[in-house]
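Asker: Read off the chains here:
Number of protein chains: 2
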Amino acid sequence: MDAAEFRRRGKEMVDLIADYLENIEQRPVYPDVEPGYLRSLIPEEAPEEPDTYEDVVKDIERVIMPGVTHWHSPYFYAYFPTANSFPAMLADMLSGAIGCIGFSWAASPACTELETVMMDWLGKMLKLPEDFIAGTHGQGGGVIQGTASEATLVALLAARSRAVRMILASDPQRPETGITSKLVAYSSDQAHCSVERAGMIAGVRMKKIPTEQSDKYAVQGETLRRMIQEDKAAGLIPFYFCATLGTTPSCAFDHITELGPICNAEKIWMHIDAAYAGSSFICPEFRPLLNGIEFADSFNFNPHKWLLVNFDCSTMWVRKRSDLIGAFKMDPLYLKHDHQESGRYFYTDNSLFRSLKMWFVFRMYGLKGLQDYIRKHVELAKEFESLVRADQRFEISADVVLGLVCFRLKGSNEVNETLLKRINNGRKIHLVPCQLSGQFVLRFAVCARTTESRHIREAWRLITQLAEEVMQDVTKLKVRM
Amino acid sequence: MDAAEFRRRGKEMVDLIADYLENIEQRPVYPDVEPGYLRSLIPEEAPEEPDTYEDVVKDIERVIMPGVTHWHSPYFYAYFPTANSFPAMLADMLSGAIGCIGFSWAASPACTELETVMMDWLGKMLKLPEDFIAGTHGQGGGVIQGTASEATLVALLAARSRAVRMILASDPQRPETGITSKLVAYSSDQAHCSVERAGMIAGVRMKKIPTEQSDKYAVQGETLRRMIQEDKAAGLIPFYFCATLGTTPSCAFDHITELGPICNAEKIWMHIDAAYAGSSFICPEFRPLLNGIEFADSFNFNPHKWLLVNFDCSTMWVRKRSDLIGAFKMDPLYLKHDHQESGRYFYTDNSLFRSLKMWFVFRMYGLKGLQDYIRKHVELAKEFESLVRADQRFEISADVVLGLVCFRLKGSNEVNETLLKRINNGRKIHLVPCQLSGQFVLRFAVCARTTESRHIREAWRLITQLAEEVMQDVTKLKVRM
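Protein chains in written order, with UniProt numbering: chain U, 1 to 481; chain P, 1 to 481.
The set of hints was computed from the structure by calculation and includes no laboratory data.
Check the hints yourself; a few may be wrong.
Same chains, same label: a pair holds when it works inside one copy or across any pair of copies.
[Stated by the list, open to error] Straight-line distance between alpha carbons at most 27 Å, and here's what the computed DSS-like set of lysine-lysine pairs gives:
1) K182 to K232
2) K336 to K410
3) K182 to K207
4) K11 to K58
5) K58 to K124
6) K421 to K336
7) K476 to K410
8) K208 to K336
9) K382 to K428
10) K336 to K428
Kindly generate the complete structure, drawing on both the sequences and the hints.
Answerer: Next up, the structure:
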């Protein structure tokens, strides 16, 4: 395929994409296929000679679409949102064509530089403390990671490296091996599973801090303080705490204004994971949720979740860039260049030109447009919450702060599991569950860019209709017994 | 921007991309900017109100292009290639629109399934042993990672986990903490810097095995065997060896037919990193370079380097999927689904629909088209090698096996450094150096899809012209002294 054919096929693809997204709500949101469905639909080996482009395009509907979970359907309420916007898609097209790999400044200066400046733009939108803004002289700054899981791990590794340095500085005779096995990290029992995995990867203890429904699933300062004291008494070295703002199960918020000073006093690296909730902090009314950021060493959230920047774009800020650079620095000759020591750039990851998406989105929406978008989703969640609260058969399981509503039928876990199964088998709307204090809870997350009030009301109509059926079946079963 | 406007802007972007790639060789391949150039060209904050799309597009030439290193210019000979093809770009557009996050089978079955089948297609193109093919009943199979660095790390972590399991199985009383500090991994001193970094991340010793020019920079079995014996005698536990096929400095190949049996006998996980060279193994004439794969536990290469599949697409195969799953498994309720135990799918990473790119590229080129592409690059490298060999002032520094030519002026490192600096400052062609046995060497890698014989000859004309100037300057300097 040459450039001339690409002009033609590319334009057809633009129309195919626009058609797909304009008509997405007519598709079943969750696919009706069994594991292994796809293998039988295509050959077992790649063709020797080229297929025609027409055949490839035909197979999108025949092979791919039947197995797609349509994340951008306005009837998709599972997990958390993943972003999808036209400006981001345009930027990604350009990024793919430029196709530079940004592993150093010299490998493509524009790639590295736009990333630094876009991270400053976004940091200012969030009103981050000055320490996290690179500017022209700052010691801190931002870097794009692929996922929040990656950011958590990178922060943990930088913290481990800093802890080992500090220990060796205070006791130069101490052997370096063996220090890691004494290190202990903490996170909420509500934290994303990737936090635990980060501990496994880094080979350090990762302790889960218990939370309570009565505390709205937030880590309490007293609990953290007690665990630190116990661990120190046992000869361990606390070095890292991952706070969560907006947990995956219920969008709970750790009290970082209380937890931060404890970490600072104990020289524990505090990382804040706000993967989903972080986008909302661009609105003044939600910014107080980030208060306490001034105590953090690093902070991360995913514009690729809720800020209209397509995957992947997980933004991470650190107070001291040198902590990151120090933890990962490698400098073989093939990566050296004349501006090696300019010191402003610290990318530890290969990437395409991910900052282009941020630039396109921020400019095409403007800060106001982005704020409007966040507010609309929160409003839709509140609307769903009101519908649930108005129905005596249901209960709300956690405070609705942003775009997530945790709810359940008053009754057993089995009844709620059955309800969820019927909802998803209906394939008209899609939800996933969570567990809160031993209860099976349904999560309703406002996800798609195109979700409107009518979709929320239709979703509720379906849920209540299925709930009615489930409860009738339960009654029948009881009568029979 | 709505779908209607996207139809218009998307088509304009397709033309912009086609224009860019059709005329890329007229741009200076390496940008003439100083660090910090970009910050002054754009505002310090995101706009409150949206900018116009026209302004955004205008800024591509004003702000971005002056700072781009044009990796797809036929005059780009630095690092290793990164792929860029029209079918892959079309697939990426579609992938961006579908925008599903493939962290489990249920999160988008088509995403997971096409990935498994495409990895089988590619594995068969490479004639991998049956053990690495998932099929419908295999225990092994492939998974797409972001980069070879990631694959090296994932393999190392799976190996660490397997080693700890084996040690605990043979000595259940042994405390788990402390095992990691006894583990020792190995790789060539020619291995990519990310291998060393993987060791740092996993918190294990990573020993570099010395190589010699006389052995063509390949790790020798005898050396590995000796290091293993010494380490075992010192109470350490050898557990991982990362072999490299096609090293970054000089495209050297470790002798895995000799090294593999040593690893197998010692229960050491052998991972093979063939990031660049792997693509060539689809050609029968280069497939012997992969002989010995039958001894490996895992194998990785980057179709996003040399197989026309745009970044990111780093393909990794393991002999036993359970080794990977076991090392990373997390199963919170929000990721559970009805087909949890079907066991065929083992993705440990978030990703977009990366397999779509493989599908489009394999079908639009066909195996023959892909083989032709590899062969053409190797031929161009051989052509460049002949030009160098025909000039008495130059020498070839390492065997030319694939698309990389390592060469230098006969003379001091300083003279070669000066030559390289002038080459890159000329901005017509771009190369990076490497160090081989203490010598400063120029690397000439055939990179772009559109590189032709005329570009190679023009590059050589420029290099010899600058070499002439450098040598005259050296002579003048000597006369003056």
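Asker: Which of the listed hints are broken here?
Answerer: none
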